[in-house]
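S.K.: Listed below, chain by chain, are the residues.
Number of protein chains: 2
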Amino acid sequence: MNKKDAGELSGVKEIARRAGVSAATVDRVIHKRKGVSNKTRDRINAIIAELNYQPNLHAQRLASRKVVHIATLVPESSDETSFWVGPLKGIEEAELEVMQYSVKVHKYFYNQNNKKSFVKQAKAILKARPDGVLLAPSFMEESVHFVEDCEAQGIPYVLMDSDIPGRSNLSYIGPDLYQSGLLAAHLSSYLLQEGDKVLIVNISKEIDNDHHLLRKEEGFRAYYKEHGREGIIIKRDIHQLDHASIEAGISRELQRNRSIRVIFVTNSRVSAVAAYVQRLPQKVILIGYDFLKENIDYLHDRTIDFLICQKPQQQAYKGVMALYQHIAFSAPLEKVHYMPIDIITKENFSSYEK
Amino acid sequence: MNKKDAGELSGVKEIARRAGVSAATVDRVIHKRKGVSNKTRDRINAIIAELNYQPNLHAQRLASRKVVHIATLVPESSDETSFWVGPLKGIEEAELEVMQYSVKVHKYFYNQNNKKSFVKQAKAILKARPDGVLLAPSFMEESVHFVEDCEAQGIPYVLMDSDIPGRSNLSYIGPDLYQSGLLAAHLSSYLLQEGDKVLIVNISKEIDNDHHLLRKEEGFRAYYKEHGREGIIIKRDIHQLDHASIEAGISRELQRNRSIRVIFVTNSRVSAVAAYVQRLPQKVILIGYDFLKENIDYLHDRTIDFLICQKPQQQAYKGVMALYQHIAFSAPLEKVHYMPIDIITKENFSSYEK
DNA sequence: AAAATTTACGGGCACGTGCCCGTAAATTTG
DNA sequence: CAAATTTACGGGCACGTGCCCGTAAATTTT
Chain A
31 MNKKDAGELS GVKEIARRAG VSAATVDRVI HKRKGVSNKT RDRINAIIAE LNYQPNLHAQ
91 RLASRKVVHI ATLVPESSDE TSFWVGPLKG IEEAELEVMQ YSVKVHKYFY NQNNKKSFVK
151 QAKAILKARP DGVLLAPSFM EESVHFVEDC EAQGIPYVLM DSDIPGRSNL SYIGPDLYQS
211 GLLAAHLSSY LLQEGDKVLI VNISKEIDND HHLLRKEEGF RAYYKEHGRE GIIIKRDIHQ
271 LDHASIEAGI SRELQRNRSI RVIFVTNSRV SAVAAYVQRL PQKVILIGYD FLKENIDYLH
331 DRTIDFLICQ KPQQQAYKGV MALYQHIAFS APLEKVHYMP IDIITKENFS SYEK
Chain B
31 MNKKDAGELS GVKEIARRAG VSAATVDRVI HKRKGVSNKT RDRINAIIAE LNYQPNLHAQ
91 RLASRKVVHI ATLVPESSDE TSFWVGPLKG IEEAELEVMQ YSVKVHKYFY NQNNKKSFVK
151 QAKAILKARP DGVLLAPSFM EESVHFVEDC EAQGIPYVLM DSDIPGRSNL SYIGPDLYQS
211 GLLAAHLSSY LLQEGDKVLI VNISKEIDND HHLLRKEEGF RAYYKEHGRE GIIIKRDIHQ
271 LDHASIEAGI SRELQRNRSI RVIFVTNSRV SAVAAYVQRL PQKVILIGYD FLKENIDYLH
331 DRTIDFLICQ KPQQQAYKGV MALYQHIAFS APLEKVHYMP IDIITKENFS SYEK
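Chains A and B, in that order, give the protein sequences. Take any residue in the first sequence, note its place counting from 1, add 30, and you have its number in my numbering. Take any residue in the second sequence, note its place counting from 1, add 30, and you have its number in my numbering.
No lab work stands behind these hints, which were simulated from the structure alone. Wrong hints could be hidden among the right ones.
Identical copies look the same in the list; a pair holds intra-copy or inter-copy alike.
Only pairs whose alpha carbons sit at most 35 Å apart, straight line, appear in this in silico DSBU-like list of lysine-lysine [claimed, not checked]:
#: 1; residue 1: Lys227; residue 2: Lys134
#: 2; residue 1: Lys96; residue 2: Lys43
#: 3; residue 1: Lys134; residue 2: Lys119
#: 4; residue 1: Lys43; residue 2: Lys119
#: 5; residue 1: Lys313; residue 2: Lys255
#: 6; residue 1: Lys376; residue 2: Lys146
#: 7; residue 1: Lys255; residue 2: Lys134
Nothing here was measured: the structure is a model prediction, and the numbers come from that model.
Let the hints inform the model, and build the full structure from the sequences given.
M.R.: Structure representation (structure tokens):
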């Protein structure tokens with residue numbers, strides 16, 4: 031680690047020297063503040079372009095006396111699913127990393143089965159006027175509303191886990207749900223023998239509003255349609271989340287159709303299905319979603335064969351970081367950032383990075 | 031973005047105030063320099079612990095007048111495989127990110143088929159005395175030697191892509207090769223019907239020295255051994271890299287054994303196998319390694335069914351960054367950091383993050 | 001043409017840390 | 001016990017940027 035060759039100055043001072051002005055004037059040009067004659071401004075801008083000046087982020091952040099406020103709005107983790115523990119960890123990881131640099135993260139939570147709680151929290155955020163918002167939308171109509179309010183107030187926001195269909199021009203970090211369904215279909219296609227059937231299972235209180243499930247199912251069906259084998263798909267919607275209802279739904283389908291060999295559960299509730307499937311005499315292949323304790327347990331004893339996962343923790347982490355970079359350093363917000371689609375099996379789950 | 035509530039000081043100055051000394055003295059304690067009485071040192075250390083003081087990295091980096099030199103030693107990308115383009119990109123990505131902060135990355139390359147070139151480059155690095163080294167080892171004996179020299183000179187180093195078997199206590203970022211073979215076996219097990227066989231293909235000039243291939247094969251075999259089905263495995267080593275030799279090797283096995291249904295190629299040369307398999311009348315399932323243009327093309331037309339991949343670009347990026355963090359901020363070097371094992375198919379390759 | 005205002009710019013401090021240099025006080029040496 | 005040396009500490013500048021404040025010069029108003 032050698033000493034730096036000192037001597038020539040760099041950054042704003044170097045620009046100032048070349049332009050024959052003071053650093054303060056260069057600063058005014060960079061920040062587009064007034065108080066500089068057009069002539070000087072042009073001269074300085076030319077030099078900035080010529081040197082391809084990039085500000086030193088360390089110095090910038092150090093000198094800035096601003097506190098950045100970021101608000102996050104995600105579901106609280108419930109008994110029904112521990113999925114949201116992951117994103118929360120991601121948020122906290124990011125928080126820990128940036129908090130010593132004058133950034134505050136304000137965490138808001140809503141109940142996934144309760145629209146009102148979402149609206150209430152959204153209102154609270156708007157009142158607090160943060161510098162940026164990370165949102166995991168669940169209730170489509172209300173989410174659209176909230177996002178519009180943010181735009182009206184000029185608050186940048188990032189969506190995660192699920193986008194809002196039909197709306198472009200916003201920043202999204204999360205899975206490509208359609209591709210994810212396609213992939214599940216591709217995987218399952220290898221496992222089917224002549225005459226076998228596939229059962230798609232949607233488990234949600236509001237399936238019709240659940241963009242997540244619907245989009246995955248679309249992708250899944252699209253694959254078999256492309257291959258002219260739509261006929262082998264059977265589908266079952268289950269609107270109650272308790273184990274008894276789920277078991278009843280699945281067992282009915284299995285009795286009705288003996289040749290079901292693969293079950294594709296479109297979300298993380300796959301463990302509830304596994305609890306039933308485990309007790310069956312015949313082997314049924316189970317494909318589901320998300321790296322959760324309860325799912326991994328069934329993966330471990332091979333009741334669940336594949337889990338598809340999209341790094342929920344990293345999603346949230348990246349969401350917060352992207353916002354921070356955008357606000358603090360005016361870095362551009364990527365329009366869409368699809369997370370990789372990971373396939374987890376008994377063999378590789380131990381090295382899976384959340 | 032509000033103004034920060036000014037008033038109370040923070041960092042070193044706050045510690046100094048509480049201890050009733052100057053900031054310079056605190057600084058001496060932090061950096062373990064002499065010139066402080068034991069009494070004062072203890073008092074200051076207590077306060078540091080109490081406040082859980084973490085230095086401001088922005089200020090630290092800004093104030094430091096050191097230039098950090100990092101050397102990287104990886105294979106040059108050849109006609110035979112474009113694999114090393116990925117890691118190189120990762121290195122350059124990291125370089126771009128840190129170069130404005132007084133970090134210089136010096137890139138050295140060797141020819142994978144030429145031990146001497148490796149030794150020569152290694153020597154050149156030692157002579158340049160960098161602050162850290164990122165190494166992708168190929169020739170085991172020579173790599174061990176190089177690593178020992180680094181240790182002797184006190185230069186921290188990180189291995190990537192392949193570790194050195196039997197040596198612990200070094201930093202490694204890359205795949206868990208054994209697990210990777212296990213996973214391939216698990217995948218393949220779903221695709222086999224009664225009576226089918228699996229063909230393992232190793233393609234390398236120095237198979238016996240190639241830790242990569244051997245370790246993957248071990249994992250693969252272990253899976254079938256565990257399930258009492260070792261008998262279905264057939265193996266073929268191919269020592270020449272040209273297409274004709276590869277084709278000859280594969281076709282011989284296929285003729286000898288008509289029930290081969292799955293071919294597992296233990297490295298990125300799978301595309302050469304695909305070129306042959308594509309022309310066969312029957313469908314053979316192909317599993318191979320690495321996200322390369324030539325492999326993706328065959329994935330796209332479904333000649334290759336699965337590619338296993340371990341984010342080569344990210345490996346290199348993380349390697350450089352880990353070194354930088356370690357040297358510049360004396361962050362700890364993780365002993366082992368296994369990259370996730372990703373399964374790439376036609377459906378998900380477009381969202382794969384290298 | 002003098003006064004009031006606006007424009008255009010420079011000086012200088014602050015952010016938190018690293019580190020050189022100067023100097024009283026403590027200790028060792030003659 | 002004075003002189004030489006060592007120890008223990010404080011002062012202060014630098015890193016590159018942000019931004020407040022002061023002030024000549026240019027422009028407008030009376």
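S.K.: Hint by hint, note whether the structure agrees.
M.R.: Hints, verified against the model:
In this assembly of identical chains, Lys227 and Lys134 lie within 35 Å of each other by CA distance neither inside one copy nor across copies; the values are 52 Å within and 58 Å between. Both within a single protomer and between protomers do Lys96 and Lys43 lie at most 35 Å apart by alpha-carbon distance, with minima of 23 Å and 20 Å respectively. Taking the closest pair of Cα atoms, Lys134 and Lys119 come within 35 Å of each other both inside a single copy (16 Å) and across two copies (34 Å). Proximity of Lys43 to Lys119 under the C-alpha cut-off of 35 Å is restricted to the inter-copy arrangement: shortest distance 32 Å between copies versus 42 Å within a copy.
Within a single copy, Lys313 and Lys255 get their C-alpha atoms as close as 26 Å, and across copies as close as 21 Å, so both meet the 35 Å cut-off. In this homomeric assembly, Lys376 and Lys146 never come within 35 Å of each other (Cα to Cα): the closest approach is 40 Å inside a single copy and 42 Å across copies. With identical chains, the CA atoms of Lys255 and Lys134 are never at most 35 Å apart, being 49 Å at best within one copy and 54 Å at best between copies.
Checked against the numbered hints above, the structure breaks hints 1, 6 and 7 and satisfies the rest.
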